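Enquirer: Spelled out from the first residue to the last, the chains are:
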Amino acid sequence: MALRHEPAPPRMSLTLAAPFHAASRSARSARRPRVTPYLLLAPSLICLALFTYWPLIQVLLRSFWSGARPGIGNYARLLADAHFTTAVVNNVLYALGTILPALALALAFALALQRSTRLVLVLRTLFVMPLMIPLVAAAALFSFVLLPGEGLLDTYLAPLGLGAANWLGDPSLALPSIIGITIWKNTGYYMLFFLAGLAAVPAELLEAARIDGAGACARFRHVTLPMLGPTFGFVLPIAAVNALVQVDHVVTLTQGGPSDSTNLLLYYIYQQAEQNHDAGLAAAATALSVAALLSLAMLSLRATDRGLHHAS
Amino acid sequence: MRRDAHPLALLAVAACGLLWAVPFAWMAVASLRPGIPADIASLLPRLPLGFANFAEAWTSGAFPTWYVNTIIVCGGIVLIQIVCSALAGYAFARLRFPCRDLLFAAFLLQLLLVPTLLIAPNLATIVGLHLYDRLTGIMAPYLASAFGTLLMRQAFRAIPRDYEEAAMIDGAGVIALIRHVLLPLARPSIVAFAIVSVTFHWNEFLWPLMAVSSPDRQVLTVGLASFASGSEAGGEWGVVAAGTILVAGPLLVAFLLFQKRFTASFVFSGLKG
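Each protein sequence line maps, in turn, to chains A and S.
Mapping of the first sequence onto the numbering used here: residues 470 to 781, in sequence order.
Mapping of the second sequence onto the numbering used here: residues 11 to 283, in sequence order.
So that you can see chain S by itself, here it is in the shape it has in the complex (with noise of 0.2 Å):
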């Protein structure tokens, strides 16, 4: 039985769990109350309350083009990573060849050398494949993932192989062997997968920031930024709430509604990565 916190300590976190919430409070707030309160430090919602600052916000930033170029980015990070990750951990999980363990650890180096370290020798290797200002260009250095590599490696071993050899025997080759037999049976490392990685690249600001110059190429971070600091100035803290909740809200809304899965998902991302 695990015993309960003593309920000192368990107040004393409760009062850090609020201080933790004053944010987000104030965000959901200061984003419903419409103009610039005198107020607007508030973290009670006082009328009037209103849609204007998330109007506001939507015609002042290009939040359209923002979302379209984050789900491309996004979206498509995670599918190339997913297809290249199958293919590189079946091989480790399930094929004896030379080397094989030294390219095992050569994957391995990514886990430590994470590409936005490298920002500076990636962006002049964007550059000279001509992927500089490009959503693919942003894209490019996460396309293989050491982590998702391990993950599917892991999956791959943990699955039978009577599976596969009933497959190969019906002449199945490695491609559609991997396709139709395996990752469904590996699906909720898929999953798992799936939310951090996207996550992960919802949220990036600085390589996006450097890999594209264009305006009709930024994403939401990177949007936000330049946004903000318009607001800001301005003083309308309002439109500032209001356009972080624009960025920052699905996949808050989603955690929210899928809480178990996504813990579990980070939890199993660390333990295995």
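This is chain A alone, in the form it adopts within the complex (with noise of 0.2 Å):
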């Protein structure tokens, strides 16, 4: 009754809409089975369901389960492990020593080689070409590179009294050895994009600052590098799951040594769960992995956020 007496026409018009548009959905999904969405998406998830959640899980389960019962045993092994410490704080001094440097002469690359002219062409194709071959491939270069004596850095650094180091055979170099060569490799690559992030910072801005009698230092430090936040923002994580997972060199070159001063987080995984068989301390040393990459992305994620909420 009360229905009745209510001030009918805003109402009228929705429930009059209502149904119309109902009808109309209802008819498109006749034509559009509901199940379709899910029958699309199938196969691309059943691959993930088994080699990206699977792993998480199995690894979860696997690390908290160390002989008869659930545990901390595997971690309480794995903090105990010499190697893995080791593994750790190396993977650290690999992954500051590969991105800052990396970064830096990717841009400074960038910056230079902005006009194309023919000798920038050729400049940029060799910095990108590192890019293209497999890092087992660098590796092989490099084993003559850096080999004692003969090898080219020897043979040409002699003349300047430097050089006839054991690159790789002394634990005080060869860390630094397996970064330069990710360093050559990887240049190249970050470099595109920060040539990608320049092209888009507008020139009429430039050259409003150099109007305004900002040098070239200040131009870049308060136009240019702001300007490339975005392109930091997403170069960082790709060189952080790098730092992490670009082992293949040290497989090859080697194996971790010369007393652990090259093992990395993930040739220690590799090496125990290929060699050793120990699942156990796979499964936890790859937990502890896959948390400081999701940790890292969510600092990273939430920096682009403040920074371009700064921004705006």
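Be aware that one or more of the hints could be misleading.
Partner residues are not named here, just some residues of chain A that face chain S (Cβ under 7 Å, in silico) [what the hints assert, rightly or not]:
#1 Leu517
#2 Leu569
#3 Leu661
#4 Glu743
Think of the hints as simulated: they come from the structure by calculation, not from any bench.
It should be emphasised that the depicted structure is a prediction, and the values quoted were computed from it without experimental measurement.
Just so it is clear, CB atoms sit at the ideal spot from N, CA and C, and this is done for glycine as well.
Once you've looked at the hints, go ahead and assemble the two chains, each given alone in its own frame, into the complex.
Expert: What follows is the structure in structure tokens.
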């Protein structure tokens, strides 16, 4: 009864519109059955379930399962394993030692190579070529570059009174050598992103800053660098993932040695899984690596968010 | 107007460029000098030159097998990735369904948790699936691609709906629609994706090393690693250089021929991924 006395018009239009809307939607869903989206996603989801989600579950379960009952035994063993703690420290050094110089060089190269003259195109090609070859091929080449005595480095450094070092055999030089190979391999890749980022910096902005009397350094610091924020935002995660997964040259050149000086996380995991058949340790080490990667990603996401907020 | 770099800065970068080129220059020169020359570190080609190192590398490694296996792995992965990504990309680009955003986020997780990091659990999985020591085992973790899905979703979204509606009126099913209408229009994205995917899998080492044990199922990178360590031990650096060219050469040549396309694809992959 009360309903009849309510002011009707606005509601009427709503109740009238809704059935029409529903009718047209049901007509469309008759053409495209509701299961279609899930069928389309099924092939990818099956593969993701097997090789992305299940590994996470499996690693967590396996890492907390040592012997007959669940517990933190594997993690205790892992943290007590000096090889593992060394691998963690090395991996942090490897990440810092590869990411910072490679990004700095990439940015410097990109800044110098913006105009497409013939020389510039040749130089760009030279820097990108290492990206195209396998890391094991780079390792094969560098095994001669770094060869003590006859190798390229020693041959050409000898006149300068340098060289004659056992680059891969000396525990204090092996990790820097491995880092050098990675920098050689990755810099061109990051340079491509900086070139794209620089091309997106409006020329008028730089021109305006110049007219206002800003020198080259000031223009770089206050115009170019802030405009490259998004570029850093996606190059950094790529570089971080690379620092975790690029260990092929460690496998072929040093096998983590000498005396663990080039042992890295993924190489440690590989050794546990493939050579020692210690699934518990491999699982615990994988779980910690995944956790580290996810927390790094969260941090960088938050940093980019704040950066964007700041910029707007 | 982009202004030229300062001449001194350009000079410094050019010097770095020469430094970057040294390993390649040595590879080319050493591979062409037969035998074990005394000045093997030379970066200038000196007579006699010849292809003896390539012949030696070809016969001491199983290159024909490695090439065939690598091509099967790369080709198989990229084809199935394109199919899976196109289907999923269409669903995310055009259809509304419950849990869509959640599922999309679940896909994106793979961008971070790359299969290379998960080698230990994935090895257990392919052993369980009886795919260990098979080429399909090497391919399995990569058949779904979050990056490919993202790329196809983006590409399909850029295509006006009119095309699809015309096809729907003609009574085409979803699969026919994707195959005959959307995929041809998304060709540039597919080419970019294929370039990045093939480069990655041609160059991959650690997972194929773990997933396969029989010599006749090895791929180029794994073959090179065992072959190079043998030749290095014998001091046959010319053969090592020739073998490295045999492994890295095809992609390097393709890159030099289609440089613009390769660079654009890699930039594209980073920006979208």
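Enquirer: So, for every hint listed, does it hold in this structure?
Expert: Against the structure, the hints come out as follows:
1. Leu517: The hint holds - leucine 517 (chain A) has a Cβ within 7 Å of chain S, the shortest such distance being about 5 Å.
2. Leu569: Since chain S brings no Cβ nearer than about 17 Å to leucine 569 (chain A), farther than 7 Å, the hint is violated.
3. Leu661: With a minimum Cβ separation of about 5 Å from chain S (threshold 7 Å), the hint on leucine 661 (chain A) holds.
4. Glu743: The hint holds - glutamate 743 (chain A) has a Cβ within 7 Å of chain S, the shortest such distance being about 6 Å.
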